[in-house]
Structures are given as C-alpha cells and as structure tokens.
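Mapping to the numbering used here: the sequence shown position 200 is 292, numbers consecutive.
The set of hints was computed from the structure by calculation and includes no laboratory data. Careful: at least some of the hints might be erroneous.
Claimed, not checked - Each computed DMTMM-like pair below joins lysine to aspartate or glutamate, with the alpha-carbon atoms no more than 25 Å apart:
id, residue 1, residue 2
1, K438, D506
2, K304, E502
3, K539, D506
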Amino acid sequence: MFFLGRRETEDNGEKWLFFTPLYGKILKQEYVDGEIVTRVLDFGIPKTLRLVDSFGIELKNESIKIEVYEHSLSTNNTKAYFLYSDCFNHPIYEAGDIRKEIRTSCCFVRGVVEYLKRHKISPHFLHLNESEAFFLLPYLNSSPTVYFHSHTPEPHGHKRFYIEDLKSSLNEEEIERLKVAQEGEMINMGKYAATVSKGIVCVSRQHAEVTKYLYPMFEDKIISITNGIHRRWIGEEWERLFDEEISGWRKDARLLERVKEISDKKMVETKEEEMENFESYIIKKIESKEAVGNFDSKKLSFVYAKRLTEYKRPLHAFSLLDLEINLVLSGPPVDEIGRRTLEEIKRLSKMGYPVVYVLNYNSEVAKNLLKAYAWLNLAYFAREASGTSYEKALMNGTLLITTSCGSVPEFIKDEYNGFLVKDDLSDLRDKAKRAIEVYNDKNEWAKMIKNCFSTYSVLIDRVIEEFKKLR
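Please construct the entire structure, taking both the sequences and the accompanying hints into account.
If you want it as structure tokens, here you go:
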C-alpha cells in the first residue's frame, strides 16, 4: 500500500510515503538428490534498510512490537518504509490460515496508522493496494481522499471474510464500519474498498472492463492507469549502447524514439552480447545446482518466467520443445498446475529435452532471464490484469510471443514488436516459428528490436505522470 501526503513547504510540494510489510521468512528451493525441495528460511533485515522507529500497538488486547525501516533509496520527497513484527514472521502469502491472514493485515495497517500519528503526518490522499489494505480505514481518525488500486481480477485481490473470523483481530466498532459491505455472514472487502473509495484504479484498460463486471454498481468510479516498469530492468548491455548513442535517455524516456537512428549492426550485436551473457548465466546456474535440466548453447532460448499457476498456462510452453529451442522456466508453483509444471520439467529433462528450470525466482534471476531471445506470455484473456514481465522483456529487445491479455493490446502490435497469439493458443507454434525465422533475417530482427525500444511508454515515467493527476 502507499500514501500521498502534503509537504509543509512554501512551494506546496508533495511527499510520497510508501509502506509495505517486511516478511521474516522466505521460501528457498534446493535441488537435492534429483528432487526440487522447498524449505522455509529466516529472511533477516536487508542491509539496504535502516531502523527509524520502534513502538508497540494493541491489536484486540494483544500487545505487538513494530519496527519501521527506511530504504536507502529514499529521498526527501519519496520515502519507502518497511514494517516488521512477529505478525509477519512467515513467507509472503503464507500466513497459515484465515485468522492469521487477517491478523497480519490488521497488524500492518495498525502499525502504519501509529507511525503516521507519531510523526504527525496527515495524508491528504491514500492509495491502497488490494482490498485487505482497507482494514486501515477503521483505525484512521482523519478522512483523506482514498483510491482503491486493484492489481488483479482474481479472487485473492478481492477477499471475503466471515465476520466471526474478523472478530479475532477487530473489535465490534471496527467491524461495524465494515458492514456497509456485508453479505450474509461475510464482509466483502473488495466491495467495501469500492464503496469508500473515490476511484477504483485498474492496471490496464482490459482490467478496467473486467472490473466493471465485478463491481457494476461502481462503474463510474473505475479508471485505468496501465502498469509500467522502472529503467533498472533494461540490461546493462543496452544501457552502454544508449549512453553512447542517445544523450539524456535516462532522464527522458521519450528520447528512446531515437533508437531507430542507431545502426542495425549495433542493435543486433548488442542483443547478441546480451544473449551470450544469458547463456553463460544459465550454464553457471546449472553447474551450481541453482537450476536443473539441459541447455544447448547452439539453440535459441525461449523463456517462461512468472508464477506457475493455472491462468498463466505454463504447461503449454512445452509444446514448443520440438522446434529446436531451449525452454527456460522459472517462478514459484502456487497451485496444482504449478506443481505439475515442475513434474513435467523433471520428466522431460530426464528424457534429454533442452528444458531448464531456474530455482528461486527473484529480481536478480529475472533481470538475467530477460536477456534471452524470446519471451512467452500465455495467460488467458481478461484474467491477467496487466502483466509486467513482458514489458521488461520488451525493454531488452526480447521478442514477445504473447496472448492479448492484460495491457498487451495497448503496447504490442503483431509482427511489429512481438507476435500475438490467439487466446485458445491454436497458433502458438506458428508464431513461435515466425519468431525463429526473424532471427535468420538480421535486418528484420534489428527492426523488431528497435520497435521494442520505441515502445517506451511501458516505462514508469508515464505512470507517475498519470498518478499525479489523481486528486
């Protein structure tokens, strides 16, 4: 969740305060005796965080200690805070049961409210991510303008809780405030968030249309600000080239339009350098048992890297293995389809197929996988809210093979900066074959790489400007 509050300065500027929980445990995958084993490990406090406050809160007659850490990248106008307590001493999304999940959410928002109170901060605006963040409002004394930021149409972003379960962390008065969204014996937190918010902010135009079906009574409140990505996802190989060829691009994303003035030869050579670094990374990961499977450096690599779950359709990626490519996957399995994906990787790799699974997907793994030749994005239409992994691939000149899910229709044109696949995936193989053909035509490849980078509106600059307009 994040907040926007007024700065008390002569220029009437603004100060952004970001708050998020700091979870005390992580899930760590290890390759042991031919099996992928997941362990729960202590996370610890990162060195990039500095303790700035510590206090106690009361949660349904329970005393809880809260520690507040500030991120080293914070500036005078933008502060990023991480809250830690025993409430968060579990992996993210792994509280254990419903009542512990409620306790985690209430502990976090209660800690945020207490921090604001202690530092005499009265935000003019609240931007709250997902429905559970709205547990904050019953604790808040002021009445700022509130926006509900929805990041998924899936049920986990629009929680419903039994009132009896809410009583484990909330008192009767706090629950009473939530009853505007009561449905029988339950509180619909998504409906509550929509009711009390000035606007429901969706992360793509497609997501906004889907949300109108979820909350038809709040259609007039629904707006879209399509997700974007930070420049840090652009590979260092491209950064060096752009520093030489496009002065000022780091400050003004619009200057990436000048990528079309760079020679085709330099574009192809830079992408080939990036792909070579990708190959070296994968080989090292396999040698260190941080990845499992078989890799052939003579073949082009297609990557599927994201949460392994039903609506993202990871199993369909295996249908491309007979096209003489490497298939590299990464991401945590979150349901039965995810677990079946890992079993299929194990089976196919034993048969000698060039398929690799990189363990412990995180930002470091993602940044290296983005350097591959092609990127697969196979989610169902209307079930992916936006999707940002494909945007990161786009900003590495990596060819996209994608369904028209989420924000894809806003940025991707077939055969221009990617290859659009039908929602039933009936032409997936044909599009993959076309991507391989492009590699063998260096002029066409260079043109598509340039088209990827000229789609600079996927960068965060646009998103920030659109957020500033929310009042």
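>> Check whether the Cα positions of K304 and E502 lie no farther apart than 25 Å.
In response: holds (19 Å)
>> Run the distance test for K539 versus D506: straight-line Cα separation, threshold 25 Å.
In response: holds (13 Å)
> Regarding the pair K438 and D506, is the alpha-carbon distance no greater than 25 Å?
Replying inline: At roughly 33 Å apart (the allowed maximum being 25 Å), D506 and K438 break the hint.
Violated hint for the displayed structure: number 1, the only one.
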